[in-house]
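Student: Chain order of the listed sequences is A and B.
Sequential numbering of the first sequence, starting at 604, is according to this note's numbering.
Sequential numbering of the second sequence, starting at 9, is according to this note's numbering.
There's no promise every hint is true.
[Stated by the list, open to error] Computed list of lysine-lysine pairs in BS3-like fashion (alpha-carbon distance at most 27 Å, straight line): (1) A:872 / B:143; (2) B:193 / B:12; (3) A:769 / B:193; (4) B:164 / A:769; (5) B:118 / B:82.
[Claimed, not checked] Just some of the chain A residues that point at chain B, by a computed CB distance under 8 Å: (6) 773; (7) 774; (8) 776; (9) 777; (10) 778; (11) 784; (12) 807; (13) 815; (14) 832; (15) 836; (16) 837.
If you are wondering where the hints come from, they were derived from the structure by calculation, not from laboratory data.
The beta carbon of each residue, even a glycine, is placed where N, CA and C say it ideally should be.
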Amino acid sequence: MTLSISTVEEKPERAPRRSLLSHPMGMLAINFAAVIFGVLVWATVTAQGIVGLPTPLAVAKQAVIQAKSGLLWTDALASLGRVFTGFAFGIAVAIPVGFLMGWYRIARGIIEPYVQFFRTIPPLAIIPLAIVTMGIDETPKIFVIFLASFLSSVVATYQGVVNVDKTLINAARVLGANDFTIFRRVIVPASLPYIMVGVRVGLGSSWATVVAAELIAAQSGLGFRMQQAQLYYDLPTIFVSLIAIGVLGLIMDRIVIAFDGVLTAWQEKL
Amino acid sequence: MSIKISFQNVSKTFIIAGQTSFNALQGLNLDIEDGEFITVVGPSGCGKSTAMNIAAGLTGPSSGQVLVDSVPVKGPGPERGVIFQQYALFPWLTVRENVEFGLKIARYPKADRSRIADRFVDLVGLSDFADSLPKTLSGGMKQRCAIARAYAVNPKILLMDEPFGALDALTRVQLQGQLLATWSKERRTVMFITHDVDEAVYLASRVVVMAARPGRLHRIIPVDLPYPRTEEMRLSPEFTALRNEVWRSVYHPAAA
Numbered sequence: 604m605t606l607s608i609s610t611v612e613e614k615p616e617r618a619p620r621r622s623l624l625s626h627p628m629g630m631l632a633i634n635f636a637a638v639i640f641g642v643l644v645w646a647t648v649t650a651q652g653i654v655g656l657p658t659p660l661a662v663a664k665q666a667v668i669q670a671k672s673g674l675l676w677t678d679a680l681a682s683l684g685r686v687f688t689g690f691a692f693g694i695a696v697a698i699p700v701g702f703l704m705g706w707y708r709i710a711r712g713i714i715e716p717y718v719q720f721f722r723t724i725p726p727l728a729i730i731p732l733a734i735v736t737m738g739i740d741e742t743p744k745i746f747v748i749f750l751a752s753f754l755s756s757v758v759a760t761y762q763g764v765v766n767v768d769k770t771l772i773n774a775a776r777v778l779g780a781n782d783f784t785i786f787r788r789v790i791v792p793a794s795l796p797y798i799m800v801g802v803r804v805g806l807g808s809s810w811a812t813v814v815a816a817e818l819i820a821a822q823s824g825l826g827f828r829m830q831q832a833q834l835y836y837d838l839p840t841i842f843v844s845l846i847a848i849g850v851l852g853l854i855m856d857r858i859v860i861a862f863d864g865v866l867t868a869w870q871e872k873l
Numbered sequence: 009m010s011i012k013i014s015f016q017n018v019s020k021t022f023i024i025a026g027q028t029s030f031n032a033l034q035g036l037n038l039d040i041e042d043g044e045f046i047t048v049v050g051p052s053g054c055g056k057s058t059a060m061n062i063a064a065g066l067t068g069p070s071s072g073q074v075l076v077d078s079v080p081v082k083g084p085g086p087e088r089g090v091i092f093q094q095y096a097l098f099p100w101l102t103v104r105e106n107v108e109f110g111l112k113i114a115r116y117p118k119a120d121r122s123r124i125a126d127r128f129v130d131l132v133g134l135s136d137f138a139d140s141l142p143k144t145l146s147g148g149m150k151q152r153c154a155i156a157r158a159y160a161v162n163p164k165i166l167l168m169d170e171p172f173g174a175l176d177a178l179t180r181v182q183l184q185g186q187l188l189a190t191w192s193k194e195r196r197t198v199m200f201i202t203h204d205v206d207e208a209v210y211l212a213s214r215v216v217v218m219a220a221r222p223g224r225l226h227r228i229i230p231v232d233l234p235y236p237r238t239e240e241m242r243l244s245p246e247f248t249a250l251r252n253e254v255w256r257s258v259y260h261p262a263a264a
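Just chain A, with the same shape it has in the complex (with noise of 0.2 Å):
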């Protein structure tokens, strides 16, 4: 009897012992690792000469370089800044023209072929006409951060409204909801969590397309600087500016996670 008790005791005191994988800081350990790890792969096989690009140090000493002349921030913000406004103005018109489609039948027939249709051509194919029509400053630029961030938003603000569970608009109805109250007390909570993989996307078009759209034509912005390196073979100053995308594109991305899980933390996740 009492041996059969002891055991019961003893075991809670094993139970807390868990894999490292099942803990979230165990998993940003090997992270961290598979990061450290990458950089030593790197640093190897440029230091070795196997490949002729520049070893991790030599890419640091420049981050350092344009960091303290202020190249490396100047240029962060006009990408940036340009990503921003074009986004923001994407975002500001792709969710009420997306709720209208979704809405309104007719609406949907007028708009989707021409959304259906620019969704086919990539934003960047259309600097050439923006530059020739818009000039050569922020604005072509920014236009067409716009479209592609539209683009992506609108498509999935309207299929949020499509998708929105019909039983939950029967039951405001029979509550004594009219059609504007559905609108703004059902339609946009229920869709809110398309709108944000919208959003989420949209960002993620629109940084690919301000680099790119810096690359062709820009006289600032991470996508120049790579550009006038190129002219100069300068390879640290390009890995810079690719680091310095990559980081801000998932630092971004990880802002809009953080906000959906705030804004849909209802949903019922699988």
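Please arrange chain B on chain A, whose structure you already have, making use of the hints.
Tutor: Frame of chain A; chain B shown alone:
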């Protein structure tokens, strides 16, 4: 007693794929008295949900009309509360906010809203979960929340479309008892759709049996068991006899 809901020669025809028409409901005549609890049973395609949706105003009849307090139904309204099989709770609102939804639409002042919501959340036994989101509730709790939400706007009629259909047998029996307890405290006219014969007999003062192809009224079987209904009644010979009678008329309409 006065007639609360009156189905007058109600028919509904659906057009499928633009050509073949389907008689979901044909010439339904049915009067439901004020404060009565009726259940409607029948096989799939007998038009029981269609009849309820017409009474709710969510769909219109092809011919005939439904009168509520002698006024033809033109559309949905808060005096007819509807409880859906899929609960239809707003997942972004807490239990309390769900219950307050209809009150907000009716522009009740905030103090009244929370007082009424508290009362009905309490009535269905969800006080401890008032600030929980639906995703954290079990199926039975979700449906209790939906019942509280329907009650909160003070409807004269409750239309329930297989509300316990998605629940396990034990939870279903518990909710049947709770629903009757709530109904005896807050008496309303109830039209309850089900495909469960035991449930139909246990809850109702009259069981309406419908038949399919075309959807139509088959028989009305009065249940002469007194309220409050008890668990012992389920095992009584009277209950069993009624249950068998309903079963036979649902599944073997020709033999009846």
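Student: Take the hints in turn and mark each one as holding or not.
Tutor: Now the hints, each set against the structure:
Restraint check for residue 872 (chain A) and residue 143 (chain B): the C-alpha separation of about 9 Å stays at or below 27 Å, so the hint holds. Of the supplied pair hints, the one linking residue 193 (chain B) and residue 12 (chain B) holds, its CA atoms being roughly 19 Å apart against a limit of 27 Å. In summary, the hint linking residue 769 (chain A) to residue 193 (chain B) is not supported, as the alpha carbons are separated by about 32 Å, beyond the 27 Å threshold. Simply put, residue 164 (chain B) and residue 769 (chain A) have alpha-carbon atoms about 24 Å apart, close enough for the 27 Å limit, and the pair holds.
Restraint check: the Cα-Cα separation between residue 118 (chain B) and residue 82 (chain B) comes to about 30 Å, which exceeds 27 Å; the hinted pair is violated. Here the hint on residue 773 (chain A) is kept, as its CB sits about 6 Å from the closest CB of chain B, short of 8 Å. Satisfaction of the interface hint for residue 774 (chain A) is found here, the shortest Cβ-Cβ separation to chain B being roughly 4 Å, below the 8 Å cut-off. A distance limit of 8 Å between C-beta atoms decides the matter here; for residue 776 (chain A) the minimum to chain B is near 5 Å, and the interface restraint holds.
Restraint check, residue 777 (chain A) versus chain B: the minimum CB separation of about 4 Å is within 8 Å; hint holds. About 4 Å separates the beta-carbon of residue 778 (chain A) from the nearest beta-carbon of chain B, less than 8 Å, and the hint is met. Residue-level restraint check for residue 784 (chain A) holds (minimum Cβ-Cβ distance to chain B is 6 Å; threshold 8 Å). Annotation: interface hint on residue 807 (chain A) violated; nearest CB of chain B at approximately 26 Å, more than 8 Å.
Given hint, residue 815 (chain A) at the interface with chain B, is violated; its Cβ is 38 Å from that chain's nearest Cβ, farther than 8 Å. Annotation: residue 832 (chain A) was flagged as interfacial toward chain B, and the flag is violated, the nearest CB pair being 49 Å apart, outside 8 Å. A cut of 8 Å between beta carbons decides the hint on residue 836 (chain A): the least distance to chain B is about 55 Å, and the hint is violated. Because the smallest distance between the Cβ of residue 837 (chain A) and any Cβ of chain B comes to about 52 Å, over 8 Å, the interface hint for this residue is violated.
Hints 3, 5, 12, 13, 14, 15 and 16, counting from the list given before, are not met by this structure.
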